[in-house]
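With chain U held as given, fit chain Z onto it using these hints.
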Amino acid sequence: GAVVSQHPSWVICKSGTSVKIECRSLDFQATTMFWYRQFPKQSLMLMATSNEGSKATYEQGVEKDKFLINHASLTLSTLTVTSAHPEDSSFYICSARARGISNQPQHFGDGTRLSIL
Amino acid sequence: GESVGLHLPTLSVQEGDNSIINCAYSNSASDYFIWYKQESGKGPQFIIDIRSNMDKRQGQRVTVLLNKTVKHLSLQIAATQPGDSAVYFCAETPGTSYGKLTFGQGTILTVHP
Numbered sequence: 001g002a003v004v005s006q007h008p009s010w011v012i013c014k015s016g017t018s019v020k021i022e023c024r025s026l027d028f029q030a031t032t033m034f035w036y037r038q039f040p041k042q043s044l045m046l047m048a049t050s051n052e053g054s055k056a057t058y059e060q061g062v063e064k065d066k067f068l069i070n071h072a073s074l075t076l077s078t079l080t081v082t083s084a085h086p087e088d089s090s091f092y093i094c095s096a097r098a099r100g101i102s103n104q105p106q107h108f109g110d111g112t113r114l115s116i117l
Numbered sequence: 001g002e003s004v005g006l007h008l009p010t011l012s013v014q015e016g017d018n019s020i021i022n023c024a025y026s027n028s029a030s031d032y033f034i035w036y037k038q039e040s041g042k043g044p045q046f047i048i049d050i051r052s053n054m055d056k057r058q059g060q061r062v063t064v065l066l067n068k069t070v071k072h073l074s075l076q077i078a079a080t081q082p083g084d085s086a087v088y089f090c091a092e093t094p095g096t097s098y099g100k101l102t103f104g105q106g107t108i109l110t111v112h113p
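These protein sequence lines map, in sequence, to chains U and Z. Residue numbers for the first sequence follow the numbering used here, so the first one is 1 and each next one is one higher. Residue numbers for the second sequence follow the numbering used here, so the first one is 1 and each next one is one higher.
If we strip away everything but chain U, and leave its shape as in the complex, we get (with noise of 0.2 Å):
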């Protein structure tokens, strides 16, 4: 139990699009999910706390109208880059918490590769 999937694995796009990275509790409900980012040999750092339909809290330096995120479901965060750039080129990962099913503070996805050309 627990499993947390992210949508997609891997993506390349060019500079200037927006990408929607899904991240879903498959077999619990989520009121709580978080967004990692992790830059190649370097820790995750957290992003925002996904809040089931309510605003997103940020981390500080972390731009809300650049990272949209929407957890309209109890299963379902997205998180959407908008207009890319190579800067914004890492590895996003999220978690969510499972609260009553399992003694793990948060369960995570295997993450998705943005890469912006």
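Watch out, some of these pointers could steer you wrong.
With a straight-line Cα cutoff of 20 Å, these simulated SDA-like cross-link-like pairs (lysine to any residue) come out [stated by the list, open to error]:
1. Z:LYS42 to U:SER115
2. U:LYS41 to Z:LEU11
3. U:LYS41 to Z:ARG51
4. Z:LYS42 to U:LYS66
5. U:LYS41 to Z:ILE50
6. U:LYS41 to Z:ASP17
7. Z:LYS37 to U:GLN6
8. Z:LYS37 to U:GLN42
9. Z:LYS100 to U:ASN70
10. U:LYS20 to Z:LYS42
11. Z:LYS42 to U:GLN42
12. U:LYS41 to Z:LYS68
13. Z:LYS71 to Z:ILE50
14. Z:LYS42 to U:TRP10
15. Z:LYS100 to U:SER54
16. Z:LYS42 to U:PRO8
17. Z:LYS68 to Z:ARG51
18. U:LYS20 to U:LYS41
19. Z:LYS37 to U:ILE12
20. U:LYS66 to U:LYS41
21. U:LYS55 to U:LEU76
22. Z:LYS100 to U:ASP110
23. Z:LYS100 to U:ARG24
24. Z:LYS100 to U:ASN51
25. U:LYS41 to U:ARG24
26. Z:LYS37 to U:MET45
27. U:LYS41 to Z:LYS37
28. U:LYS66 to U:SER54
29. Z:LYS100 to U:SER83
30. Z:LYS42 to U:ASN70
31. Z:LYS100 to Z:GLN45
Pulled from the structure, derived: some chain U residues nowhere near chain Z, Cβ distances all over 10 Å [what the hints assert, rightly or not]:
32. GLN6
33. HIS7
34. PRO8
35. ILE12
36. SER15
37. THR17
38. ARG24
39. PHE34
40. SER54
Calculated directly from the structure, the hints in this document are not laboratory data. Glycine included, each C-beta is placed from N, C-alpha and C at the ideal position.
Just chain Z now, kept in the frame of chain U:
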């Protein structure tokens, strides 16, 4: 503040050896700690956790030690296997176990057969 590094330290061991991976954290308010394993191209995978009211916890082939005095956490892997090769991160969270996680620097573990 956050414990985030720019260049991951590395640890190379021979198969069968014991491995010790260390982590320093900075937030005195953190009271729940987790070790994650991340394989190439994948998300973090839970290994073991420990609360601040404990100083040691054992799992299968893994042991986590917590020293709150010096804000230090370690992960010991017994009889390391090639499949243990990955990046290992510690993470911390204050308050309840369902709070925001702050990830540590990470260590690249390479196990040679």
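- Task: Decide if the proposed pair is consistent with the structure: LYS68 (chain Z) and ARG51 (chain Z), CA atoms, cutoff 20 Å inclusive.
- Result: holds, 11 Å
- Message: With the threshold set at 20 Å, check whether the alpha-carbon distance from LYS100 (chain Z) to SER54 (chain U) stays at or below it.
- Response: holds, 17 Å
- Message: For a C-alpha distance cap of 20 Å, please report whether LYS100 (chain Z) and SER83 (chain U) respect it.
- Response: Violated: LYS100 (chain Z) and SER83 (chain U) sit about 28 Å apart, past 20 Å.
- Verify the proposed pairing of LYS20 (chain U) with LYS41 (chain U), using a straight-line Cα cut of 20 Å. violated, 24 Å
- Item | Given as non-interface: HIS7 (chain U), which should sit over 10 Å from chain Z by C-beta | holds, 13 Å
- Message: Run the distance test for LYS37 (chain Z) versus MET45 (chain U): straight-line Cα separation, threshold 20 Å.
- Response: holds, 16 Å
- Message: Given the hinted pair LYS71 (chain Z) and ILE50 (chain Z), is their Cα-Cα distance within 20 Å?
- Response: holds, 13 Å
- Item | Assertion that GLN6 (chain U) lies farther than 10 Å from chain Z (Cβ) | The claim is violated: GLN6 (chain U) sits with its nearest Cβ about 8 Å from chain Z, within 10 Å.
- Item | Status of the stated non-contact between SER54 (chain U) and chain Z (beta carbon gap over 10 Å) | holds, 16 Å
- Query: Is it the case that THR17 (chain U) keeps its Cβ farther than 10 Å from each residue Cβ in chain Z?
  - Reply: holds, 22 Å
- Item | LYS55 (chain U) paired with LEU76 (chain U) [C-alpha distance capped at 20 Å] | Holds, because 14 Å separates the two Cα atoms, which is no more than 20 Å.
- Query: Would the pair LYS41 (chain U) and ASP17 (chain Z) pass a check requiring their Cα atoms to be no farther apart than 20 Å?
  - Reply: It is violated: about 25 Å lies between the C-alpha atoms, which goes past 20 Å.
The structure fails hints 3, 4, 5, 6, 12, 18, 19, 20, 25, 29, 30, 32 and 39 (numbered hints given earlier, in ascending order).
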